[in-house]
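Please arrange chain B on chain A, whose structure you already have, making use of the hints.
2 protein chains.
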Amino acid sequence: MDFVETTLNSKKIFTGKILSLRVDEVKLPNGNISKREIVEHPGAVAIVAINENMEVLMVKQYRKPTESTLLEIPAGKLEKGETADICAQRELMEEVGFRALDMKFLAKFYTTPGFSNELLYLFLGQKLEKKSKKADDDENIQVEKIPFLEAVKMAYDGKFLDAKTIIGLTLAYHQIKEKI
Amino acid sequence: MDFVETTLNSKKIFTGKILSLRVDEVKLPNGNISKREIVEHPGAVAIVAINENMEVLMVKQYRKPTESTLLEIPAGKLEKGETADICAQRELMEEVGFRALDMKFLAKFYTTPGFSNELLYLFLGQKLEKKSKKADDDENIQVEKIPFLEAVKMAYDGKFLDAKTIIGLTLAYHQIKEKI
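The listed protein sequences correspond, in order, to chains A and B. Going by the working numbering, the letters in the first sequence line up with residues 15 to 194, in that order. Going by the working numbering, the letters in the second sequence line up with residues 15 to 194, in that order.
A few of these clues could be false.
Identical copies carry no separate label here, and so any pair may be met within one copy or between two of them.
Taking lysine to any residue pairs in the SDA-like style, the calculated list, with each CA pair at most 25 Å apart, reads [said to hold, decoys possible]:
1. 91 to 175
2. 173 to 32
3. 91 to 36
4. 49 to 93
5. 173 to 73
6. 141 to 38
7. 31 to 65
8. 49 to 156
9. 74 to 44
10. 91 to 44
Hints in this document: simulated from the structure, not taken from any laboratory.
So that you can see chain A by itself, here it is in the shape it has in the complex (with noise of 0.2 Å):
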């Protein structure tokens, strides 16, 4: 089965500071003409720290679009030119402080298929080491602690409100739990 949609053309609606937004046309397998609206996403990174006593890294912070204050693992768009691993580390030092000694790639995936093209690389955190607090000029952000298996546990019960942090959450515990 071919599912193919062939762009007949495209039309750029905005370029942003984080995101563009462009609509195409599109013919469908079937023949039929469509159109889709596309928010075009440089990508990002997410990162599930874990200090030696077993807690995990959190930032909480205002999100203007939800127009609430989430605790989220800790993340942060791509650069141009940067690879994922660079930018995890990077970011992870910006919002917490720390770089990870030991930072493995666990997963990545699309946020939200349907309108973007935001590919999120997921790492674990391990074996921090602490640098001086830099936070990015233009957030407000507050780092907490919160020790690994609670905050587990809150993801698996539907706890926390961002979905990158659901899964870094529990991909985190199936990739350490025989080792705790």
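Just chain B now, kept in the frame of chain A:
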């Protein structure tokens, strides 16, 4: 600590069929002014539908934003005025042709709180009852049945490229693992 970002002004950029885009100028708690690019979305549901053979019903479809064919759990947008559980039954019917006599809410989460307000409601559907297949006109989707435990292993191993599918499978497994 007060995190709230106050909206100074809001500019609508685009109003589409599945999403809208606006740019808010905001005042941060520290007094700085910044901009937030926000994708408005009506919200969505996704369903982990497990049949009497312990297979999970998934859909394969082309996702134009990713220019690839993805295997996902059934999902779809909330229609105006529709509750999440009504939407879950409708989408399950439209995408895989089944109704779930046992439909249980698992969790809700923001898919990308950094740039969108999309809130996704996740359900576990069991005791499936076959209805006539009626796929959306606009979608070319193919239903696939995968043994549930195999799909869960794939999710933990990072084999699925769709965030809601990973969350759905891992949370559903956590929910019913004592019974299987």
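For each hint, the structure was consulted:
1. 91 to 175: For residue 91 and residue 175, both the intra-copy (19 Å) and inter-copy (18 Å) Cα distances are at most 25 Å.
2. 173 to 32: neither (28 Å within a copy, 28 Å between copies)
3. 91 to 36: both (19 Å within a copy, 20 Å between copies)
4. 49 to 93: between (29 Å within a copy, 18 Å between copies)
5. 173 to 73: within (15 Å within a copy, 27 Å between copies)
6. 141 to 38: For residue 141 and residue 38, neither the intra-copy (45 Å) nor the inter-copy (39 Å) Cα distance is at most 25 Å.
7. 31 to 65: neither (33 Å within a copy, 45 Å between copies)
8. 49 to 156: between (41 Å within a copy, 20 Å between copies)
9. 74 to 44: between (47 Å within a copy, 16 Å between copies)
10. 91 to 44: between (37 Å within a copy, 23 Å between copies)
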